[in-house]
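Undergrad: Dock chain B against chain A, hints included.
Chains as they are written, first to last, in the UniProt record's numbering: chain A, 1 to 235; chain B, 1 to 540.
Any given hint might turn out to be false.
[Claimed, not checked] Footprint (simulated), chain B over chain A, 3 or more residues, beta carbon under 8 Å:
{"no.": "1", "segment": "69-80"}
{"no.": "2", "segment": "84-92"}
{"no.": "3", "segment": "216-227"}
[Stated by the list, open to error] List of simulated lysine to aspartate or glutamate pairs, EDC-like, C-alpha gap at most 20 Å:
{"no.": "4", "chain 1": "A", "residue 1": "K136", "chain 2": "A", "residue 2": "D235"}
{"no.": "5", "chain 1": "B", "residue 1": "K337", "chain 2": "B", "residue 2": "E496"}
{"no.": "6", "chain 1": "A", "residue 1": "K153", "chain 2": "A", "residue 2": "E187"}
{"no.": "7", "chain 1": "B", "residue 1": "K401", "chain 2": "A", "residue 2": "D43"}
{"no.": "8", "chain 1": "B", "residue 1": "K401", "chain 2": "A", "residue 2": "E102"}
{"no.": "9", "chain 1": "B", "residue 1": "K337", "chain 2": "A", "residue 2": "E102"}
Hints are computed from structural coordinates only; laboratory data are not their basis.
All residues carry an ideal CB built from backbone N, CA and C; glycine is no exception.
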Amino acid sequence: MEPDVIPLSKPHEDISMPDSLTDNKCLDTYNFGSNFIRLPVSDGVRELHTVIRDKTTIRKDFIFYADRLIRLVVEEGLNRLPYRECTVTTPTGHTYDGLRYEKGNCGVSIVRSGEAMEQGLRDCCRSIRIGKILIKSNEDTHDARVVYANLPKDIHQRKVLLMYPIMRTGNTVIKAVKTLQQHSVNESNIILLNLFCTPQAAQQLVSEFPGMTILTSEVHPVAPNHFGEKYFGTD
Amino acid sequence: MTENVFKFQPRTNSASDSGSGEDADVQEADFMTPLVVQTDFGCTSPQPKTPKSPSKGGTLKKRHRAPPGSAKPEETRVLHTHGRRTLYTAGRPPWYNQEGQLKNAFVIGLCGGSASGKTTVARKITEALDVPWVSLVSMDSFYKVLSPEQHDKAIMNEYNFDHPDAFDFDLVISTIRRLKEGKSVNVPIYNFATHAREKTMKTVYGANVVIFEGIMAFTNAELVSLMDMKVFVDTDSDVRLARRLRRDIAERGRELQGVLKQYMKFVKPSFEHYIEPSMRCADIIVPRGGENDVAINLIVLHVHNQLQARGFKLRSKQAQSSHNGQPMPGTLRVVEKTSQVCGIHSFIRDKATSRDEFIFYSKRLMRLLFEFALSMLPFKNVTVDTPQGIPYTGKHLAVDKIAGVSILRAGETMEQALCEVCKDVSVGKILIQTNLQTGEPELHYTRLPKDIKDHYIFLLDATVATGAAAMMAIRVLLDHDVPEEKIFLCSLLMAESGVHTVAYAFPKVNIVTTAVDKEVDADFHILPGLGNFGDRYFGT
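One chain only, chain A, in its complex shape:
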């Protein structure tokens, strides 16, 4: 299954400035509003991107680096969840002004490549509920169709961490968000966790769901569409 609905065989006509591919400063100038968040890009994160995109990377390494990137995106996404301030007493008898996260969150992965991110979420939130949505796309018409959705019953009362690693057109995610909306989830309660995103996917999602929080680690005209195949070893 393709990670996104545009077939790979399509040429890269959306790449207008080939030079910009190698210049992330250029790409950082995109502005998609305050609900569109980019993971702070350190050299370490750049290396993760590089290894994941490198076609010579062996699968074992690919998974290792992809899992690291997923973990960073998940940790950053958790920062968007609601919390309240609290004071705790340390073993030394002193107090620490900290905070507690509220209960009532859940994850939803978009099958298949979104499932690669489940473990990363599970590693941070041990008992979080995780729902699944399976979306199939018609390669000719680019139509995305929901085949299967299994979501927590009270999902409309929860904050939803929607997981999907690669966005080329954004169609798959749009379909998934609409499915969530059918389950009475308010778009402002959705936090999309994404690794790689094209500018047009970002633009489309922002205009379609202005209230949704979108978190990605890289905006780049070329999406590493091989992600799901390589992660699950079906390439």
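TA: Frame of chain A; chain B shown alone:
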């Protein structure tokens, strides 16, 4: 020396003995088991005959080492620890010059008869010097390994431990020479029950000041030539005898006659023949031993002048006290305090958090810490081919080898998290424990990758309070030729004082943590802190 030597006050334990100015080796010999004196009184002539070499045998020995099993093990250990004790204070300034060369340590030789107060003088000099990294080496560690024959003699009290031949001077000289050059040395641990060296050695790293003490410290010319300053502790023999009497009779329940006989036959001849004449080597003679504060102050003043002339920086004390309000050093990098980081801290700091949750959340925090630390390494630009057919310019680590070195025990908990972000990382370990007697850290064990100097090092300790253990670990790495700037000290929580101490001593070491607390209490706990990390993690 504060106690009145004529007051026959019983002492309660050997540890307090060792601080009371007695000669440690004599103490070891005497307290273990009552002496068996096998000679007649006819031999008590005070005339200075040449005492017999132990290898020649014959005469009865005056020093009695405990037969196996007769000594209480903990007491034995206390004494051994005492003899090889290395004293450290926090905040050692750099001891490399700009070219990375080690500066020679200042070696103080300390000689005097048994029970003259050498140990007290050594301790008082150490305290008054207030120079970080003073190593105290006792000649006791360098007794020769005895042959089975000699060992039997020793058990029969016929081996003379007071003769220069009883010491391995070759090893003493090579050890002191290496210490003087600032290199690490392995000091043997002498087992007085078996008269052999233990398999393990006590590692002593080069110090700014080395104090070498022993009754025969001045009897070898080559050894004496290594000493920058020679101090003879000249305590009146009546006083020394009185101390021995008090100790042996009042504290150890021995017979007056036996003690006197031993003194007259062995201790006194040895002193008169070897020790007293060596007084002429001395630069300074300290009458009355440890109670002579004027003499000690003069010695300290001289050592300070000498060290300053050598370029040692002795401002650590001022730097320590002036840390308050100082800006944090530029080498300190703290993980951004996001709500997640703050939330995790709330869990691991809360004393009500269960152990299971404590482990879970501290591991999450470690992962964030290492991702953060990893991005501080040098990177290079690379261009790779992608399956999409376009080249992609990104970054790769410009580092071949990375090693984690954990400071046991708490640092060990961080190894797994490091391995999760750092492929094929090699892991070394350093065991540093606080000596409960001195309150100072001591190095017990190191295991480092062989080519450690070629690695970038993540030095792992869960918390850094005073920075004393971290400094010792950094010191170990530098002794293994790791460049300072390749060391990343990674910790979940640090106290400001610890950050300053490490940064002051090692200005190029990178310090990485997730939070810096303001204070450290008298028990070296970080405030508000998170308690003892190791205890909470391991459930001990």
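Undergrad: Which hint numbers doesn't this structure obey?
TA: 8
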